[in-house]
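*Asks:* One-letter residues, chain by chain:
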Amino acid sequence: MLPRADRPPASVRLPRWIWAVYLALFAASVPWYVPDGPLRLWLGLPHWVVLSIAAIAGVALFTVFVVRRYWPDGDDEAPIPR
Amino acid sequence: MSASGFGAAGLLVVLAYLAAMLSVGLLARRARRADSLGDFYLAGRALGPFVLFATLYATQYSGNSFLGYPGEAYRLGFAWVMSVGFMTAIVVAYLLFAPELHRQSRRLGLVTPGDWLDHRFGSPALTLVANLVLVVAIVNYLLAQLMAMGHVVAGLSGGAVPYWAGVVGLTAVILIYETLGGLRAVAWTDAVQGVLILVGLGGILAAIVPSPGHMGAITQWVAETAPEKAAVPSWAQCVSWASTIALIGLSGAVYPQAIQRIYAARSARALKRGVAAMACMPLVTMVPLFLVGIISLRELSALEGIAADQVMPLLLTRWAGASTWLYLGSLAVMLAVVAAIMSTADSVLLTLSSIIAKDFMGKTVLKGATDARLTRAGKVTSWAIVAVLVAIALVPRITLWGLIELKMEVLIQVAPLFMLGIHWRRVTASAALAGLVVGLAVSVALPLAGYARPLGLHDGLVGALANVAVCLAWPWAAVVDRRPAVREANA
Numbered sequence: 001m002l003p004r005a006d007r008p009p010a011s012v013r014l015p016r017w018i019w020a021v022y023l024a025l026f027a028a029s030v031p032w033y034v035p036d037g038p039l040r041l042w043l044g045l046p047h048w049v050v051l052s053i054a055a056i057a058g059v060a061l062f063t064v065f066v067v068r069r070y071w072p073d074g075d076d077e078a079p080i081p082r
Numbered sequence: 001m002s003a004s005g006f007g008a009a010g011l012l013v014v015l016a017y018l019a020a021m022l023s024v025g026l027l028a029r030r031a032r033r034a035d036s037l038g039d040f041y042l043a044g045r046a047l048g049p050f051v052l053f054a055t056l057y058a059t060q061y062s063g064n065s066f067l068g069y070p071g072e073a074y075r076l077g078f079a080w081v082m083s084v085g086f087m088t089a090i091v092v093a094y095l096l097f098a099p100e101l102h103r104q105s106r107r108l109g110l111v112t113p114g115d116w117l118d119h120r121f122g123s124p125a126l127t128l129v130a131n132l133v134l135v136v137a138i139v140n141y142l143l144a145q146l147m148a149m150g151h152v153v154a155g156l157s158g159g160a161v162p163y164w165a166g167v168v169g170l171t172a173v174i175l176i177y178e179t180l181g182g183l184r185a186v187a188w189t190d191a192v193q194g195v196l197i198l199v200g201l202g203g204i205l206a207a208i209v210p211s212p213g214h215m216g217a218i219t220q221w222v223a224e225t226a227p228e229k230a231a232v233p234s235w236a237q238c239v240s241w242a243s244t245i246a247l248i249g250l251s252g253a254v255y256p257q258a259i260q261r262i263y264a265a266r267s268a269r270a271l272k273r274g275v276a277a278m279a280c281m282p283l284v285t286m287v288p289l290f291l292v293g294i295i296s297l298r299e300l301s302a303l304e305g306i307a308a309d310q311v312m313p314l315l316l317t318r319w320a321g322a323s324t325w326l327y328l329g330s331l332a333v334m335l336a337v338v339a340a341i342m343s344t345a346d347s348v349l350l351t352l353s354s355i356i357a358k359d360f361m362g363k364t365v366l367k368g369a370t371d372a373r374l375t376r377a378g379k380v381t382s383w384a385i386v387a388v389l390v391a392i393a394l395v396p397r398i399t400l401w402g403l404i405e406l407k408m409e410v411l412i413q414v415a416p417l418f419m420l421g422i423h424w425r426r427v428t429a430s431a432a433l434a435g436l437v438v439g440l441a442v443s444v445a446l447p448l449a450g451y452a453r454p455l456g457l458h459d460g461l462v463g464a465l466a467n468v469a470v471c472l473a474w475p476w477a478a479v480v481d482r483r484p485a486v487r488e489a490n491a
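Chains as they are written, first to last, in my numbering: chain R, 1 to 82; chain W, 1 to 491.
Same shape as in the complex, but just chain R (with noise of 0.2 angstroms):
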């Protein structure tokens, strides 16, 4: 067993409840839920092209949130080998 000075420290993982939230955004963007109809224009697109930009949206929006609240900086001082 490595000297306790030489381990490594504790892997950096994410929690796990976010995967079930990009899992849930990304399934919001692709158009699955919607039905098949007549044309309808939102913002002179089709209504589930601006419902997929939106979900996509959200998960850019959740992404900065994760990196921001759950990324430790970590260890920015560390040696770096030659």
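By construction, these hints were calculated from the structure, which means they are not laboratory data. Quick caveat, the model's predicted, so the values are computed rather than measured. A portion of the hints provided could be inaccurate.
Listed below are several chain R residues computed to face chain W (Cβ distance under 10 angstroms; list not exhaustive) [what the hints assert, rightly or not]:
#, residue
1, P31
2, L41
3, L43
4, D73
Yeah, the Cβ is synthetic: ideal placement off N, Cα and C, and Gly gets one too.
Given the structure of chain R, go ahead and fit chain W onto it with the hints provided.
*Replies:* Same frame as chain R, now just chain W:
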């Protein structure tokens, strides 16, 4: 002007841009701190938040984004909005492994993706197979960029500059600045190129002015002329859409050039800021490019196959002839297209060089060689690889999107090594190697056996599922591994 592209002024702007890139290469050469692999291939592991973000951005958005993706929107219609989703999925997939990989890269002094595989699994066979997969995938990617160079120069010059001259000329500039300054030159030019891309996207928005009323008229026209391109996607199309998000997201995150940028970050804080900014870029970048493809449905006459990749250059030359403002906007887009292609090609080429020099030559013919000698070997190798690829690119026989899909089906098989291996200690070298081989075999065998795209899923994704299943179910997976690297991780 529209008949001959951007005219002499456009050509002068491009030449000035190329001269600026060469100057940046010279500056990067002067800024080098050591004659080491870490300094040449990872810019001394000192990339700060802005340059890191710019190089991630300029590398991820390529000639495929500006040429292949509008072309695909033109072919597929509104369902191509999936491109916004899969480019975002790449950033999300970083979160599966980048935080821990960055930490380990600083602790262990990693240079190539193979370095981490060696450390984690301690299996030369696994590292060799994984490196071969990475090389096949990025050679494919580099080839797509070279083809894009030819397309864009030919399209934007109205045919005055031939396809071959675009391929050879732009490739030569990349080789020179990359040989001079390594990743430092690539990252600095990427920073310039990233800004140009953003300015160009502003130019696109100015050129197409997609007000809801204008856009609504185009959508109505598409729905009447080609109803299948505006209809709500069928269940089968939705399955394919979800499969594409998973395929591109998981594979795009393990591009070796992306992994090396994780290594090159100055700190976890710099990497965090870069990744957070990247999460928002698909909305800023892919939505305008998607709209270009949709708008071109009405603007351009029927284009099929490879010709649809010319949508962007054709629209730019048309806009350039409409007014002075549109000329300037289109000029910005043109430079952005060239910048996007070059910034991806230089990154891919540098990564390819590092893998061949350090992981292949450094373990065989140049075993025990100094960093300086390996770096020189990598530079020479870059020139040789490019010479071969330019020769292939001069005879294009496939669409840009076709090239992208081909490489992703292969590349995704490496993703479990990083995403499972970094956190799950029970994934042994034998399990990982078996999973990788099974994944590759499944993705290649399915189309050959006439069972391509089972259940609407990509063959590569099915292969990756088999890959993961083998990793998890391998009989020896539960046995305590005795290799030193894993023993250290378990300690």
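*Asks:* Now tell me, hint by hint, if it's right for this structure.
*Replies:* Structure-based check of all given hints:
With a least beta-carbon distance of about 6 angstroms to chain W, the hint placing P31/R at the interface is held under the 10 angstroms criterion. For L41/R, the shortest C-beta to C-beta distance to chain W is roughly 5 angstroms, which falls under 10 angstroms, so the interface hint holds. Of the supplied interface hints, the one on L43/R holds, with its beta-carbon coming within about 5 angstroms of a beta-carbon of chain W, less than 10 angstroms. Taking 10 angstroms as the C-beta contact cut-off toward chain W, the hint placing D73/R at the interface holds, the least distance being around 5 angstroms.
Violated hints: none; the structure is consistent with every hint.
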